[in-house]
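*Asks:* Protein chains in written order, with this note's numbering: chain X, 1 to 314; chain D, 1 to 314; chain U, 1 to 314; chain C, 1 to 314; chain V, 1 to 314; chain Y, 1 to 314.
Honestly, I wouldn't trust all of these hints.
One copy or two, it doesn't matter: identical chains are merged, so the pair holds either way.
[Stated by the list, open to error] Computed cross-link-like contacts, EDC-like style, restricted to lysine to aspartate or glutamate with a CA-CA straight-line distance of at most 20 Å:
id: 1; residue 1: Lys279; residue 2: Asp100
id: 2; residue 1: Lys253; residue 2: Glu303
id: 3; residue 1: Lys83; residue 2: Asp52
id: 4; residue 1: Lys83; residue 2: Glu58
id: 5; residue 1: Lys32; residue 2: Asp52
id: 6; residue 1: Lys83; residue 2: Asp110
id: 7; residue 1: Lys309; residue 2: Glu212
id: 8; residue 1: Lys228; residue 2: Glu238
id: 9; residue 1: Lys138; residue 2: Glu231
id: 10; residue 1: Lys25; residue 2: Glu47
id: 11; residue 1: Lys115; residue 2: Glu255
id: 12; residue 1: Lys228; residue 2: Glu212
It should be emphasised that the hints constitute simulated quantities derived from the structure, not laboratory data.
Protein chains: 6
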Amino acid sequence: MGKGILHYDFGDKVEVFLLVKSSTKGIASNGKPFLTLMLQDKSGEIEAKLWDASSEDENAYAPQNIVHVCGDVNNYRGRTQLKIRTIRPTNETDTIEVADLLEVAPLKKDVMAEKITQYIFEMKNPSIQRITRHLLKKHHSAFFEYPAATKNHHEYVSGLAYHVVSMLDLSKAISTLYPSLDTDLLYAGVILHDLGKVIELSGPVSTSYTIEGNLLGHITIMVNEIGKAAEQLGITGEEVTILQHLVLSHHGKAEWGSPKPPMIKEAEILHYIDNLDAKMNMLDRALERVKPGEYSERVFALENRSFYKPSFHK
Amino acid sequence: MGKGILHYDFGDKVEVFLLVKSSTKGIASNGKPFLTLMLQDKSGEIEAKLWDASSEDENAYAPQNIVHVCGDVNNYRGRTQLKIRTIRPTNETDTIEVADLLEVAPLKKDVMAEKITQYIFEMKNPSIQRITRHLLKKHHSAFFEYPAATKNHHEYVSGLAYHVVSMLDLSKAISTLYPSLDTDLLYAGVILHDLGKVIELSGPVSTSYTIEGNLLGHITIMVNEIGKAAEQLGITGEEVTILQHLVLSHHGKAEWGSPKPPMIKEAEILHYIDNLDAKMNMLDRALERVKPGEYSERVFALENRSFYKPSFHK
Amino acid sequence: MGKGILHYDFGDKVEVFLLVKSSTKGIASNGKPFLTLMLQDKSGEIEAKLWDASSEDENAYAPQNIVHVCGDVNNYRGRTQLKIRTIRPTNETDTIEVADLLEVAPLKKDVMAEKITQYIFEMKNPSIQRITRHLLKKHHSAFFEYPAATKNHHEYVSGLAYHVVSMLDLSKAISTLYPSLDTDLLYAGVILHDLGKVIELSGPVSTSYTIEGNLLGHITIMVNEIGKAAEQLGITGEEVTILQHLVLSHHGKAEWGSPKPPMIKEAEILHYIDNLDAKMNMLDRALERVKPGEYSERVFALENRSFYKPSFHK
Amino acid sequence: MGKGILHYDFGDKVEVFLLVKSSTKGIASNGKPFLTLMLQDKSGEIEAKLWDASSEDENAYAPQNIVHVCGDVNNYRGRTQLKIRTIRPTNETDTIEVADLLEVAPLKKDVMAEKITQYIFEMKNPSIQRITRHLLKKHHSAFFEYPAATKNHHEYVSGLAYHVVSMLDLSKAISTLYPSLDTDLLYAGVILHDLGKVIELSGPVSTSYTIEGNLLGHITIMVNEIGKAAEQLGITGEEVTILQHLVLSHHGKAEWGSPKPPMIKEAEILHYIDNLDAKMNMLDRALERVKPGEYSERVFALENRSFYKPSFHK
Amino acid sequence: MGKGILHYDFGDKVEVFLLVKSSTKGIASNGKPFLTLMLQDKSGEIEAKLWDASSEDENAYAPQNIVHVCGDVNNYRGRTQLKIRTIRPTNETDTIEVADLLEVAPLKKDVMAEKITQYIFEMKNPSIQRITRHLLKKHHSAFFEYPAATKNHHEYVSGLAYHVVSMLDLSKAISTLYPSLDTDLLYAGVILHDLGKVIELSGPVSTSYTIEGNLLGHITIMVNEIGKAAEQLGITGEEVTILQHLVLSHHGKAEWGSPKPPMIKEAEILHYIDNLDAKMNMLDRALERVKPGEYSERVFALENRSFYKPSFHK
Amino acid sequence: MGKGILHYDFGDKVEVFLLVKSSTKGIASNGKPFLTLMLQDKSGEIEAKLWDASSEDENAYAPQNIVHVCGDVNNYRGRTQLKIRTIRPTNETDTIEVADLLEVAPLKKDVMAEKITQYIFEMKNPSIQRITRHLLKKHHSAFFEYPAATKNHHEYVSGLAYHVVSMLDLSKAISTLYPSLDTDLLYAGVILHDLGKVIELSGPVSTSYTIEGNLLGHITIMVNEIGKAAEQLGITGEEVTILQHLVLSHHGKAEWGSPKPPMIKEAEILHYIDNLDAKMNMLDRALERVKPGEYSERVFALENRSFYKPSFHK
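Given these sequences and hints, build the entire structure.
*Replies:* Spelled out as structure tokens, the structure:
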């Protein structure tokens with residue numbers, strides 16, 4: 001496949017296949033229509049402008065199509081941009097598929113599934129275990145396909161499952177150091193906390209919000225799902241309320257979308273673990289594009305800070 | 001019954017029956033235990049200190065008992081206080097009952113029930129009508145007993161139902177002036193918006209929060225109830241999500257407990273009508289104790305403001 | 001007149017008369033001057049770019065001129081834009097007048113004047129009645145011409161009077177449900193609350209802020225006017241201070257421009273009624289452009305929210 | 001007169017005449033009434049408790065009475081308190097007067113009046129000069145009696161005038177360094193900025209807020225006064241609006257009570273000079289009670305900070 | 001030693017040795033002096049009032065004395081209090097020492113010192129290693145004596161070192177899961193982050209703030225120390241600035257005392273690890289006093305939340 | 001030299017020498033590269049676009065080069081812009097130097113140096129005097145070259161020294177009116193408060209932030225410098241901590257970059273004097289471009305306010 005589009009330097013000439021992630025029509029100041037294309041491969045995404053776009057172009061370069069582009073990697077106001085020389089849709093002779101161009105989690109689905117199964121297996125409280133297993137099974141296929149978010153962190157295929165697996169490993173490491181933590185609650189909280197995203201979001205590609213997503217949000221959706229699961233499984237008892245509370249409170253504060261703040265210990269720690277894994281993911285992604293002695297782009301979800309890579313880091 | 005405890009002036013001597021609302025033990029600076037009693041009749045509540053309280057006193061004056069008190073109405077740091085001369089529990093010869101001393105809504109239950117039934121009857125969308133009727137029926141008895149809150153507004157027996165009836169009348173008046181409003185959504189939103197309080201709160205007397213109330217809150221509880229009701233009634237479709245959204249968003253902002261702000265017109269107006277009725281209730285209660293040309297006590301839920309009664313008001 | 005400019009769909013060709021609301025000169029990236037025209041008819045306003053604009057164009061298409069345009073309705077970054085094919089100033093043979101193109105309140109001036117007169121007539125307190133009548137008479141002609149604001153809500157000819165009439169009707173409906181309200185104060189507060197805008201703003205077309213408007217604001221201006229009116233009419237007494245307070249506090253909070261928050265009941269309710277009518281106006285305008293199942297544009301004055309029109313609304 | 005009450009140390013025995021500033025009745029934990037007296041002499045004020053207070057005591061020790069006290073200066077929770085051994089009202093043989101016990105500004109009224117007259121004399125713009133002179137004359141007697149505030153800073157007899165004189169001198173010094181400042185506006189702004197306090201507050205002793213003070217505030221009151229003065233003097237022109245703006249904006253921000261922030265240079269500087277003089281006054285008063293190497297009491301109006309007096313200060 | 005003072009129930013009679021942590025004199029409402037004593041043993045601290053305290057009592061029960069108390073454990077306004085029956089200072093025959101009553105970290109000093117030495121040994125960057133070793137050595141004795149804070153978390157003897165050891169273990173566990181982290185920076189950051197507290201605070205018992213602590217704070221103090229250490233060791237290069245930045249930014253935000261937010265990855269994670277360990281410490285301490293099915297006291301440093309211990313926890 | 005570039009009116013043709021302050025490459029909507037040049041002379045700076053820029057142009061018009069431009073002064077979206085007709089680099093025959101085009105402070109370096117020396121000479125406390133003199137000497141040359149900031153205020157050659165001199169004069173004037181102020185502390189605080197900028201910033205031309213500047217900031221840098229200076233001079237005692245505190249706290253609040261708020265009187269006043277001089281500088285610069293009766297551009301550092309120049313000002 002050659003190297004990814006994000007690994008070229010300013011001024012490099014490229015000839016690559018890319019997937020159209022989004023396409024927005026605009027009118028240039030000369031009065032002619034143009035397209036702002038978001039093009040991606042596994043390495044990430046790059047913006048490109050297609051000037052003087054005809055309506056055929058609009059169809060040919062609609063989202064989810066693959067295109068072949070020759071062009072130059074430019075620096076436009078501090079952001080990388082692909083200047084198109086020639087562009088064409090793929091045809092039958094091109095041996096490229098969508099899956100070749102989508103960024104995916106660094107772990108395979110079955111590896112992740114196995115790890116999560118093991119964590120569920122380790123749970124000792126049967127109510128917690130059964131509800132968690134039930135809901136994971138119910139949404140199994142989407143859970144292993146969806147990104148963890150539309151942007152900011154883990155925004156790739158299987159990102160949601162990968163985020164959960166990282167958090168489970170982190171939960172285990174932290175519980176070893178602080179043995180007063182109830183790992184049943186922590187593991188269940190981790191597995192369920194963002195599961196509502198499979199209903200909140202439209203899917204793994206060109207992700208947008210569903211109406212339920214907009215009007216209720218993934219937290220409320222999943223709290224409801226837990227309630228229904230308990231009813232279906234005939235489970236009653238405080239475990240149901242506590243699991244709902246873990247999901248409800250995992251954003252930490254009312255302003256951040258949790259109408260109740262964490263009120264049990266594991267809920268507080270779940271919020272922390274979620275944040276820590278998301279931040280590590282954002283920091284690594286921001287800094288992997290940067291050389292020692294340089295500053296990263298500003299990271300919106302980290303209060304718009306720019307991060308410095310020490311010059312003594314290789 | 002004579003006049004209510006709140007209608008006495010500073011310096012008045014009183015001899016009355018009162019209901020113990022709460023009792024808190026403390027140690028006085030002379031080292032002896034004392035009780036801080038919150039005593040109430042229909043007119044409202046008044047604080048009293050019982051000095052040198054024995055453990056018999058503690059039992060005799062526990063919450064929900066009725067007591068007979070002789071004493072003086074005093075002003076302690078700007079707040080009314082009852083100075084106890086003599087106090088005794090009631091005995092068989094006293095012809096007083098709890099119901100005689102509880103403040104209740106100004107409308108009778110059956111009158112309110114009839115009004116609400118009529119509003120449900122006027123709904124045209126069958127999904128909305130059925131879910132509303134189902135949930136009201138399920139929680140019928142508590143709904144007509146509970147207060148609307150533990151403090152601040154409508155904090156009396158049947159306060160919840162009375163708040164709902166006032167809001168329904170207000171909804172009707174406003175919809176007449178702004179005919180673009182969907183009265184089905186408004187009426188259903190009004191009836192359901194605080195219904196979760198029958199699970200959040202412990203009951204109509206000496207009201208406290210349940211564990212579900214603390215960990216989930218009445219909004220989340222009722223959003224779940226709507227989901228389950230729809231499932232049970234076999235109702236699907238956007239109406240379910242919209243009803244859930246109406247309840248979810250009725251506090252208006254994340255900081256105030258609504259993880260989603262109002263995103264449909266009737267949700268915005270529901271938030272407004274809820275606020276307006278609560279404020280009118282608080283204002284009327286604060287000002288009914290005040291003479292023209294005077295200021296009310298500070299009202300906590302109205303940003304701690306004190307209100308002035310114009311001297312040209314009678 | 002044909003249908004309004006706002007009722008065309010993307011891609012429609014139009015041939016219409018429009019009023020120039022504003023015209024801003026810019027330099028295009030090709031180095032040539034262009035005009036950004038805000039064009040309006042009764043249905044609302046639309047942006048258009050006039051490329052390669054000569055200085056004659058600048059004069060011909062200055063604000064308050066009427067133009068004849070042939071063009072296409074386009075979508076530019078999610079906003080409607082008019083792409084100009086041909087444009088020319090009107091000439092004597094065109095039978096179009098400014099008044100034909102200005103959006104006006106849905107009620108006629110004399111109907112509104114009569115309604116307001118009736119409300120003043122119903123006042124019982126002579127001081128309140130005389131001051132209100134005096135100030136309305138003093139600013140009568142502007143009051144019935146001016147918009148209620150330069151943007152956000154009721155931003156059309158006679159918008160101020162229409163806003164006042166709606167609020168008066170709302171005041172009456174609410175006072176019927178909460179009879180402890182003093183309608184004299186409510187009605188006077190409604191009529192006077194924004195009257196200072198006739199001094200704060202420049203006028204009904206191409207509205208901007210006057211120097212008094214910028215340095216003092218309509219609230220302070222009207223509080224002064226009430227003081228002078230009372231002096232002129234020889235009225236003393238608490239009514240004057242209370243009327244000034246109603247106007248002073250009607251924005252509700254210091255941060256929103258009221259140096260004193262509402263401290264009498266009717267002031268608090270006035271603030272509410274003002275808000276409710278403004279919100280209804282904004283919501284109706286935002287949603288009338290939207291089909292069921294769609295979201296409105298973001299509404300700046302409603303915390304930048306986008307509103308959803310349920311798909312079961314027709 | 002002996003040394004002031006504030007200059008005694010903890011443990012000192014005192015025998016002094018003091019003025020009752022305020023008296024609040026409470027009920028002690030032993031059930032008996034007591035009075036919390038705020039007693040003052042020129043050096044400042046001190047709290048004292050009068051236990052087992054009879055209703056005769058209440059009258060005898062009401063505000064504005066002079067009392068003779070023997071007692072001990074104590075430290076109660078970090079605050080100085082006067083423990084009463086004996087207390088009695090004054091009688092004819094006591095040669096003490098209210099004026100002997102009130103703290104007054106360090107400059108005499110006629111000295112201050114002369115300074116202010118000189119500053120008005122230096123004004124060059126006749127409109128500004130005439131309005132300032134007119135309003136100062138209208139409120140002359142109160143202006144030289146009132147404190148600048150009920151607490152926080154310059155809270156003593158003639159405090160308002162003294163605050164103004166200090167600010168005038170500061171204005172002159174600053175204008176010398178920044179000659180672009182218009183001293184007419186600065187001097188007029190200084191003289192008028194708090195003049196509304198003579199209507200907002202009840203008077204120089206036991207100061208409280210009037211109804212106009214509560215409902216309108218001194219800023220709005222004075223803006224009105226300027227408007228009426230201009231009308232009476234037949235002065236029109238931008239000077240009137242600018243003077244009103246200077247007063248209106250002198251608190252600097254909406255949250256601090258100025259519905260318009262400073263929008264002319266001199267208004268911004270006026271806000272600064274006001275703050276600087278108030279802060280110097282608060283700092284000096286907080287630190288004059290403190291020895292080198294110690295911290296002052298917390299100063300509420302300086303964000304509740306405690307200030308350190310360097311040990312190398314004498 | 002018998003069980004700790006915190007492990008008694010309300011109503012229990014106790015006869016114990018306790019260390020006076022603080023003693024504050026007050027005047028009771030009967031006019032007599034009393035002492036509020038904070039008494040502690042290894043299990044924690046409890047408040048007690050000593051009524052009618054003589055000046056001999058004041059000396060005998062000054063901070064850092066040991067007392068023998070017989071009394072009752074009471075509940076005063078929801079907080080545990082010790083009601084004193086008899087109290088006496090210790091004498092020669094009592095075989096109790098201060099060290100027996102001070103709460104200490106759960107690990108011994110030499111164990112902690114060995115662990116920290118090992119972490120320093122693992123550092124690969126010589127500049128970072130030398131500065132860390134130098135500063136630890138310079139403040140070695142205080143570092144292993146001081147608490148991590150005056151209240152909130154790790155507020156016991158050797159609390160600072162224990163907090164650091166826990167954070168080091170946590171850093172190691174997290175770095176294993178996220179190998180892009182530079183452990184040199186993390187370990188050095190952990191060891192130095194709060195080391196300034198040995199200058200900011202007065203010592204391990206009855207801890208208060210020094211003047212440097214108040215005027216500069218432990219963050220600024222340690223940033224200075226790093227600068228001086230580098231100068232003394234002849235170390236230059238970016239490592240010095242980065243180490244200073246790690247300490248400077250470890251509170252995360254300007255409002256929380258860090259004038260620069262974290263701008264390198266390890267600084268961000270250091271802030272997280274610090275928080276996580278502090279929170280775990282606070283949560284464990286708050287919940288160890290609580291039975292399943294109950295709520296903890298409110299924890300000030302966790303936004304004043306109360307935490308629930310699930311009833312299915314043993 | 002002719003008149004400065006900022007003194008031309010819209011539409012004027014100019015032929016001038018200008019210094020390139022910054023140059024940013026962009027891609028125009030026609031796909032060709034262009035340069036956004038910030039060009040300056042003593043009067044200030046103006047933006048210009050160079051279309052179709054070759055890579056030779058990029059070099060020729062890099063920052064710190066002088067160019068000769070013929071063009072027109074235009075208004076682009078309310079901001080002044082220079083439309084380039086012809087542009088060329090300077091050659092040997094052009095008798096223009098960088099110093100001719102840089103804006104400099106209105107006082108000469110040696111005049112300022114002499115004034116500051118005099119203020120240091122007036123100090124009475126030898127520790128304060130020696131540290132101040134030592135640090136000023138150490139950074140002497142940069143101190144008299146650097147601007148006080150990269151933007152907002154005193155952003156010109158020698159701006160830092162000029163800001164300090166103005167503040168010293170202001171300190172003297174204020175201390176005369178409030179003699180309780182310690183002028184040693186005030187003068188030293190003024191001289192040192194921003195001295196860290198000579199390390200935080202890159203230099204007087206095309207100023208940017210150094211790594212130390214970004215990661216530590218000028219406040220922390222200078223606090224360190226004071227510590228090292230004291231060590232080197234063998235000075236101990238509270239003066240060192242107090243000087244560090246003056247610098248540390250001079251931004252006034254944690255949110256503004258001071259981890260400790262002012263806790264000594266002179267620190268509070270230093271913060272004030274700093275603000276006042278910066279504001280005067282910003283106000284004068286904003287208003288000197290404005291005619292009477294007009295509003296200035298919005299001033300970002302003054303809460304984005306626009307200021308009005310009264311029409312009666314000349």
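*Asks:* If a hint holds in the structure, say so; if it doesn't, say that too.
*Replies:* Each hint, compared with the structure:
1. Lys279 x Asp100: neither (27 Å within a copy, 44 Å between copies)
2. Lys253 x Glu303: Close inside one copy (17 Å) and across copies (10 Å); limit 20 Å.
3. Lys83 x Asp52: both (14 Å within a copy, 15 Å between copies)
4. Lys83 x Glu58: both (18 Å within a copy, 19 Å between copies)
5. Lys32 x Asp52: This pair counts as both: shortest intra-copy Cα distance 6 Å, inter-copy 14 Å.
6. Lys83 x Asp110: For Lys83 and Asp110, the Cα distance exceeds 20 Å both inside one copy (39 Å) and across copies (53 Å).
7. Lys309 x Glu212: The answer is between: 13 Å across copies meets 20 Å, while 41 Å in one copy does not.
8. Lys228 x Glu238: both (15 Å within a copy, 19 Å between copies)
9. Lys138 x Glu231: both (15 Å within a copy, 17 Å between copies)
10. Lys25 x Glu47: both (13 Å within a copy, 17 Å between copies)
11. Lys115 x Glu255: The answer is neither: 34 Å in one copy and 37 Å across copies each exceed 20 Å.
12. Lys228 x Glu212: Both, since 17 Å and 16 Å are each at most 20 Å.
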